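Asks: For reference, each letter of the sequence shown is one residue, going -7 to 481 in my numbering.
These are calculated hints, taken from the structure and not from any lab test. Given the structure is predicted, the values throughout are model-derived calculations rather than measurements. Just so it is clear, CB atoms sit at the ideal spot from N, CA and C, and this is done for glycine as well. Hints are supplied without guarantee of correctness; some may be wrong.
[As the list claims (entries may be wrong)] If you anchor each label on the Cβ, the simulated ranges turn out as follows:
1. Pro247 / Glu470: 48 to 58 Å
2. Arg337 / Glu396: 27 to 37 Å
3. Tyr127 / Thr195: 24 to 34 Å
4. Pro414 / Asp311: 43 to 53 Å
5. Pro414 / Leu340: 40 to 50 Å
6. Arg140 / Gly55: 38 to 48 Å
7. Asp427 / Arg121: 20 to 30 Å
8. Arg46 / Ser199: 48 to 58 Å
9. Pro414 / Glu376: 45 to 55 Å
10. Glu89 / Arg318: 45 to 55 Å
11. Glu376 / Gly481: 40 to 50 Å
12. Gly481 / Asp269: 48 to 58 Å
13. Gly312 / Pro414: 21 to 31 Å
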Amino acid sequence: MESEERSTFAAELTHWRNVRGLSKAALAQRLNIDPSYVSHMEAGREHGSSQLARRADTELDAGGALWQAWQRTDASPLAPEQPEPPSGTGLLVLEDEAALSFDGSAYRLSMRRLLRNNGIDPVTRYLVRIAVDRYPSEPERSNALYRRNPLTWDELDLTAHCGTEPMGWTVKHDRDAFKEVWLQFQSPTSRFPLYPGQEAEITYSYSVGAEKWGPWFQRAVRLPTRRLAVELAFPRDSEPTVWGTETSMSADFAPLRTAPQRTERGDQSVFSWATVDPPLHARFRLEWRLKNADDAKENDPVNTLSASQAMANAGIVQDGDPVLGRRARPFDLPAEADEAKQVIRELLAAVDRVRQLHTFGKGMGIAAPQIGIDRSAAVVFPPEAGAEPIVLLNATVTESSEEEDEQYEGCLSFFDVRGLVPRPLSIVVAHSDLDGTTRLSRFSQGLARLVNHEVDHLDGVLYRERMRPGVEPIPVDEYRGTGQRWTYG
């Protein structure tokens, strides 16, 4: 796609999302916006704010291309109106406290925020989002559920106060599983705007049935925040287990830096977690498993983020995409050296994202088709700390030893399983330098396995096709070799 075709922000956004191998829903999750808004932006119906354009450029690692396209489109006389300024302009959240309780049939969320107006204008409203997703790993299943049984205002029973004063509210968005409301700094009998320099405590609460909530709770930092705290309370006899992850502008996925603390309170098990000065746009996600067999709603199934879903969110193309099943296009070198360099940069950026998600004790590799680029390029990292990557352009296996062994392998494109794959113990690979020179490189044992796996990707072959007849991959939770090197005699 040339510059004229990609001159608009909409076209550039579509291009970079496809390059990163992200669905619209996955990009929306990274940007903390509704998936439909991504569709509107890519169709040119919405333009987005300058802040959103910068965030999208960072999340998609577009090197400024998205931000420049946004500025070009914004300068056009046909550019759409800018969205209204956010309700939180100038607001500082001194304290953000969430308390979520489950009584066995429904969840009740109580929020408390202590706000300070550091701006120059009075604040008269505050935006609140309510979003549910019963099956976060199965979007079609969730969509079908909420089409049949949408979230309603009656069941939410939303109430809000500023101090002791009740707050009115008006609806901004009303969708099956997503609501936005403006909490008004006024009641039927009075108005109480938050003036510059003033502080105010607002509280609000609502309820959602277990059949709609799902076993997770997420906090997104959309305003500068000094302290953020979460408390989860479950029936003690449900034997709850709680864990958490965080994402930010600089890291896609990582465990919470501190573990939730458990205490017993009567017949409830309570989990508390807090952080100070969280980075803007960070997201903190708490997930849980309830082991009470009588509660089928919570245990059949538990829909937490799987290994494959985490890889998909990091931009890795998943099994079933046609690009994984066809031979990658070779480079015409040196004529296409610049394009090859760009693909290598894309691969190295993908490795950085993936390494946030998993420990690769055996070394690792990634091929261009796995990030949606149909070119013959791959990089392989040996297991030794600090080892330089092996760059493979136009690679083919020219010689294989007769001696083989079988070891378990994983693949980023279906990372929920591990497969026992026979491979030669030694291979010779022909590959190209950027100047077009052909090299022959010999690899042995674990490095031979890594390189062979990636060259297979360039040929459109997945490791399942290399497994012996009748042998099937095993679930990753049954595999005991994660983080360890392959063993050789």
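Asks: Against each hint, give a clear statement of whether it holds in the structure.
Replies: Evaluated hints:
no. : hint                        : verdict
1   : Pro247 / Glu470: 48 to 58 Å : violated, 22 Å
2   : Arg337 / Glu396: 27 to 37 Å : holds, 35 Å
3   : Tyr127 / Thr195: 24 to 34 Å : holds, 30 Å
4   : Pro414 / Asp311: 43 to 53 Å : violated, 21 Å
5   : Pro414 / Leu340: 40 to 50 Å : violated, 30 Å
6   : Arg140 / Gly55: 38 to 48 Å  : holds, 44 Å
7   : Asp427 / Arg121: 20 to 30 Å : violated, 53 Å
8   : Arg46 / Ser199: 48 to 58 Å  : violated, 37 Å
9   : Pro414 / Glu376: 45 to 55 Å : violated, 25 Å
10  : Glu89 / Arg318: 45 to 55 Å  : holds, 52 Å
11  : Glu376 / Gly481: 40 to 50 Å : violated, 20 Å
12  : Gly481 / Asp269: 48 to 58 Å : holds, 53 Å
13  : Gly312 / Pro414: 21 to 31 Å : holds, 25 Å
The structure fails to meet hints 1, 4, 5, 7, 8, 9, 11 from the earlier list, while all remaining hints are met.
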